[in-house]
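S.K.: The task is simple: from the sequences and hints, build the whole structure.
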Amino acid sequence: MDDHGRTPSSNQPILYVLDTNVLIHDPNALLNFEEHHVAIPMTVLEELDKLKTGKLLVAAECRQAIRLIDQTLGVASPEDVERGVPIQRGKSGPKGFLSILMNKRREPNALLPENLNDNIIINQLIDLHARDPSLHVVLVTKDINMRLKARACGVESEDYSTDQLVDDVSMLSRGYHTMTGSFWDRVSKVETRQGHGRTWHQVQMNENLPAVHINEFIIDEQGFVGWIKEVRKDHLLILDMHQEPLLHQEAWGLKPRDIYQGLALFALLDPDIHLVNLSGAAGSGKTILALAAAIEQTMVSKRYRRIICTRSVQGLDQEIGFLPGTEAEKMEPWLGAITDNLEALHMDDENTHGSVDYILSKVPLQFKSLNYIRGRSFQQSLILIDECQNLTPHQMKTIITRAGAGSKVVCLGNLAQIDTPYLSATSSGLTYLTERFKDFPNGVHIALQGVPRSILAEYAESHL
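Each residue of the sequence shown is one higher than the one before, counting from 1 in the numbering used here.
Below, in silico cross-link-like pairs of lysine to any residue (SDA-like), each with a Cα-Cα straight-line distance of 20 Å or less:
#1 Lys104 x Glu79
#2 Lys189 x Asn206
#3 Lys233 x Pro441
#4 Lys397 x Arg436
None of these hints come from the bench; they were simulated from the model.
The structure presented is a predicted model; accordingly, all values stated were derived computationally and were not measured.
M.R.: Written as structure tokens, this is what we have:
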């Protein structure tokens, strides 16, 4: 197995044939196949060409993929393009080859009807293998059904897993470690110091302590909460925190319902934390916590100049253009979770709708599509991204890199509610973000527990 989970041939490089959805998922995908050969079918180029026009996210990704293909092929002759052009990855990187797979198949040999582009590609690979049985051909596609059809026709196929960092999402960091009994029963040696109203513990590492990352929390049954601020081979540096202050925090009138929400709110309000990643089941409080903290920091402390709310919804980019009104008015139906939570924050007011209208008129709260965020840079803004589980790793990178000086990004999502057909819990951008940023000194991830919304929502989450 190589670094990408593939099994290379012992005799010759493998020919990896990329489907369109792979290049949309990761426009740089062709660079990630080590010394092997990569082929782009002509059918895939035609599909990219059809999708490249417009302002949709998918169009931008198609254009980026096309530019990389063009840059790699350069001024190669038609013969070289068909045989393969070296893929340049720097002086030390392995050099595979990129080619365009021409359709030289004879029509009578087709096993599948030619009414679908997927079938055309599979038939092409069947013919390719028939003409050269020694050639090890692998179809790479995010489309599960296409993989099944290919295997049924004798064509080896696999998912694109280069950006899949974990095989099991249950192994992802939760952002904290809960311990039975007392944490101090597991500690063999500790040095404690105090300063500026804070208590710090330098704890010697031993086999009784879990593997931890910076900015994770330790919670025990005796009420101890520790924030891990430094991880070394021989010791941990832990900031002593207390459950009571965490549970009595308040943002725009909202208080946490449990210690996990307390940790989340603490991270949301900390000016030194630039990325907060909140995951959890439906109704666990992700959105309302983030929204309350955002309003608090724009209206009260004035830490941020504006709040930018966006979300990833399957079909959003395609359907928003058909809605009437301005961009904000178009986005409003898709950002119902935000307005619902605004109402929840003011449910005790005499006129809830009046309070919400007032907030929307006074708070610098902007509803933006993901297309608007792409290519922009936001200064002193709190960027709230909902439904992050439906983003690809590449999209996640594109959005987070838009955060300018003095900005904070808050990512919300639930890996159990992925609506995008070519994503799974392990390949989601939310999973990728959680794993990649687990050692980021200015980021916090919290997996919220429970469903505070209602008993009904909790039962539905576990039984439906």
